Amino acid sequence: MKIAVVVFPGSNCDVDLYEALHSVCHADVEYVSHQQKSLAGFDAVMLPGGFSYGDYLRAGAIARFTNIMPAIIKMANEGKPVFGTCNGFQILTEAGLLPGGLKRNDNQRFVCKTVPLEVVNSQTLFTSHYQDHERIALPIAHADGSYYADEKTLDELEANNQVVFRYATENPNGSLHNIAGITNKQGNVLGMMPHPERAVETILGSTDGLRLFESLLENGRIKVEA
Amino acid sequence: MINVRIFVTYKQSVFDPQGETIKEAIHSLGHGEVKTVKVGKFFDVTLDTNEDEVAMAVKEIADQLLVNFNMETYTYKVMEEA
Numbered sequence: 001m002k003i004a005v006v007v008f009p010g011s012n013c014d015v016d017l018y019e020a021l022h023s024v025c026h027a028d029v030e031y032v033s034h035q036q037k038s039l040a041g042f043d044a045v046m047l048p049g050g051f052s053y054g055d056y057l058r059a060g061a062i063a064r065f066t067n068i069m070p071a072i073i074k075m076a077n078e079g080k081p082v083f084g085t086c087n088g089f090q091i092l093t094e095a096g097l098l099p100g101g102l103k104r105n106d107n108q109r110f111v112c113k114t115v116p117l118e119v120v121n122s123q124t125l126f127t128s129h130y131q132d133h134e135r136i137a138l139p140i141a142h143a144d145g146s147y148y149a150d151e152k153t154l155d156e157l158e159a160n161n162q163v164v165f166r167y168a169t170e171n172p173n174g175s176l177h178n179i180a181g182i183t184n185k186q187g188n189v190l191g192m193m194p195h196p197e198r199a200v201e202t203i204l205g206s207t208d209g210l211r212l213f214e215s216l217l218e219n220g221r222i223k224v225e226a
Numbered sequence: 001m002i003n004v005r006i007f008v009t010y011k012q013s014v015f016d017p018q019g020e021t022i023k024e025a026i027h028s029l030g031h032g033e034v035k036t037v038k039v040g041k042f043f044d045v046t047l048d049t050n051e052d053e054v055a056m057a058v059k060e061i062a063d064q065l066l067v068n069f070n071m072e073t074y075t076y077k078v079m080e081e082a
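So the protein sequences, as listed, match chains F and X. Numbering-wise (the working numbering), the first sequence opens with residue 1 and increments by one. Numbering-wise (the working numbering), the second sequence opens with residue 1 and increments by one.
Next comes chain F alone, as it looks inside the complex (with noise of 0.2 Å):
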């Protein structure tokens, strides 16, 4: 499975996300510009964290106006593995691969530290390797994640199964239902707060993310075997 890194101007856990792959999963992995057009010979895309375009208008309004983005859309549509972690979760909100989007956090600071979630949904590509009703701590950063979405598209969430990752005993933001993590309908794109792939090894303190990657990576074996 060959995975694409996308680096957006202004986009600064792309490092991160490339050696949680590279280094630690030992996965084939790339970084893309923004300014590509085709993401031809990926199975899969990730989005990473950061600020792309300086959080201009509102965090990831302008990243869907880039190259890459038609790419990235076309990669969902054909049911292919899509993630996007933080800024990367805000950007697939406003290309609509998401429903709802992230709003300012009530709190109206930046918060930055480890929170425990409790992992809703373990039948997805990239959660399988997680229990249902899982205890896990991930580290969040950010100022703009209190996920917001009207009533009718929480409940279509919830009936769906598309709520994969819930804050567990304190919400750090005000996000609605507790949503740290959603998936689309189809379950081929997931966006989350928190960051994965700050936890993938002892010396980060967790690797509770590192299941995450794993998981994605052996169902993408499975696929490519049968």
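Rather than coming from a laboratory, the hints here were simulated on the basis of the structure. Misleading hints may appear alongside valid ones.
To be verified - The calculated lysine to any residue pairs, modelled on SDA-like cross-linking and capped at a C-alpha distance of 25 Å, are: (1) X/Lys38 with F/Tyr56; (2) X/Lys11 with F/Asp155; (3) F/Lys113 with X/Ile61; (4) X/Lys77 with X/Val37.
A quick note: this is a predicted structure, and the numbers were derived from the prediction, not measured.
With chain F held as given, fit chain X onto it using these hints.
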């Protein structure tokens, strides 16, 4: 040239944390009569077009870029010439 000011705010149903924080600060000033504060942003846009086409242009710009309709809404007004 036509000058248009486009106002973008959270929908009424969406909690506006900045507005709430500013309201509390206003109360600290002694203005307890202030009941709500909503924060928004505005965009001053100059268009080289005619009056008939302004509404459509503004709608497209707002729909596709300036407004996230999940949580925001907008109004606009045509400004007097400077």
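Hint check results:
1. Simply put, lysine 38 of chain X and tyrosine 56 of chain F have alpha-carbon atoms about 20 Å apart, close enough for the 25 Å limit, and the pair holds.
2. Pair hint lysine 11 of chain X plus aspartate 155 of chain F holds up; C-alpha atoms about 19 Å apart against a cutoff of 25 Å.
3. For the hint linking lysine 113 of chain F to isoleucine 61 of chain X, the alpha-carbon distance of about 37 Å lies beyond 25 Å, and the restraint is violated.
4. Between lysine 77 of chain X and valine 37 of chain X the CA atoms are separated by roughly 21 Å; this keeps the pair inside 25 Å, and the hint holds.
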